[in-house]
Amino acid sequence: MRSTLLIAVFAVVAAAATFAGGVLATLPGRLSKRQLSLIIGFGAGYILAAALVSLMPESLALVSNAPLWILVGYALAHLFEHTFTSHFHFGEETHAEHFIAPHVSTTALVGLSLHAFFDGVAISSGFLVTPALGVLIALAVVLHKIPEGVTISSLMLAAGRTRRSAREAAALLAVATLMGAACMSAVGEEMKGVGLALSCGIALYVAATDLLPEINQTQHGRDSMSALLGVLLYFGVHAIMGRVGIH
Numbered sequence: 017m018r019s020t021l022l023i024a025v026f027a028v029v030a031a032a033a034t035f036a037g038g039v040l041a042t043l044p045g046r047l048s049k050r051q052l053s054l055i056i057g058f059g060a061g062y063i064l065a066a067a068l069v070s071l072m073p074e075s076l077a078l079v080s081n082a083p084l085w086i087l088v089g090y091a092l093a094h095l096f097e098h099t100f101t102s103h104f105h106f107g108e109e110t111h112a113e114h115f116i117a118p119h120v121s122t123t124a125l126v127g128l129s130l131h132a133f134f135d136g137v138a139i140s141s142g143f144l145v146t147p148a149l150g151v152l153i154a155l156a157v158v159l160h161k162i163p164e165g166v167t168i169s170s171l172m173l174a175a176g177r178t179r180r181s182a183r184e185a186a187a188l189l190a191v192a193t194l195m196g197a198a199c200m201s202a203v204g205e206e207m208k209g210v211g212l213a214l215s216c217g218i219a220l221y222v223a224a225t226d227l228l229p230e231i232n233q234t235q236h237g238r239d240s241m242s243a244l245l246g247v248l249l250y251f252g253v254h255a256i257m258g259r260v261g262i263h
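Under this note's numbering, the sequence shown has 163 at position 147, and the numbering climbs by one with no breaks.
Source of the hints: derived by calculation from the structure; they are not laboratory data. What you are looking at is a predicted structure, and each value in this text was computed from that prediction instead of being measured. The beta carbon of each residue, even a glycine, is placed where N, CA and C say it ideally should be. Treat the hints with care, as some may be off.
Said to hold, decoys possible - Between beta-carbon pairs, the in silico distance windows are:
1) Leu-84 - Pro-44: 43 to 49 angstroms
2) Met-207 - Arg-238: 37 to 43 angstroms
3) Ala-148 - Pro-229: 39 to 45 angstroms
4) Ala-148 - Gly-252: 20 to 26 angstroms
5) Gln-233 - Ala-148: 43 to 49 angstroms
6) Pro-83 - Pro-44: 45 to 51 angstroms
7) Cys-199 - Ser-80: 20 to 26 angstroms
All chains should be built: construct the whole structure from the sequences, respecting the hints.
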């Protein structure tokens, strides 16, 4: 009973952090095209680092055929983008002033939703082992939840979506985190490795195939630097967590 309560509390905290980040990106005083481009580059670097440094090694350690599932995740993201998203509308219609393709924001939403789902899985898994491990994992997850919310809302705005749609996207990531925690509590860890590998493939597609090419089109050095800063932030967060004993 205690583990279940702790899972619920920390999953809600992580979900709330995601939504807070989404709201932060949609506050009055619309972000400029330049600002959104910088945030997109930052998010691309952060997501790419997370996929290559965390999701991939973790999935390889858990399942022997992780590379196959990573490829499946990448292929599914490609299939979804080119088959379904042209007919899919999230929330309200897009505005004419968008400067990235609307389908990019939808694909990113799918990929980040899966990533958020497995954040919930990670929180639940930790508490199922020991409360101490659960707290350490939950803190690690919460650390990147606000940037995650900012990233998805900014992508929605950059694609011409309304502020309401941007907030709904952040809310969806929050719900995905809660669902991941609930599912992990119910079914155990048998499928965790496969799920992480799928999430890795989708995250790679979002970062390397969708987001980075978008900022490359601007031909501004500051956008490339923002992607590098996203990578550096990822390593900075890990370094800080290592110093305080969070692994």
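Hints, one by one, checked against the model:
For the pair Leu-84 and Pro-44, the beta carbons lie near 47 angstroms from each other, so the given range of 43 to 49 angstroms is met. In this structure the hint that Met-207 and Arg-238 lie 37 to 43 angstroms apart at CB holds, the actual value being about 41 angstroms. A hinted range of 39 to 45 angstroms for the beta carbons of Ala-148 and Pro-229 is consistent with their spacing of about 43 angstroms. Between Ala-148 and Gly-252 the CB atoms are about 24 angstroms apart, so this pair conforms to the stated range of 20 to 26 angstroms.
Separation of Gln-233 from Ala-148 is about 47 angstroms and conforms to the stated range, judged on CB atoms against 43 to 49 angstroms. Taking 45 to 51 angstroms as the suggested C-beta distance range, the pair Pro-83 and Pro-44 conforms, at roughly 46 angstroms. Range check, Cys-199 to Ser-80: about 23 angstroms between beta-carbon atoms, so the 20 to 26 angstroms window is met.
When held up to the earlier numbered hints, the structure conflicts with none and fits them all.
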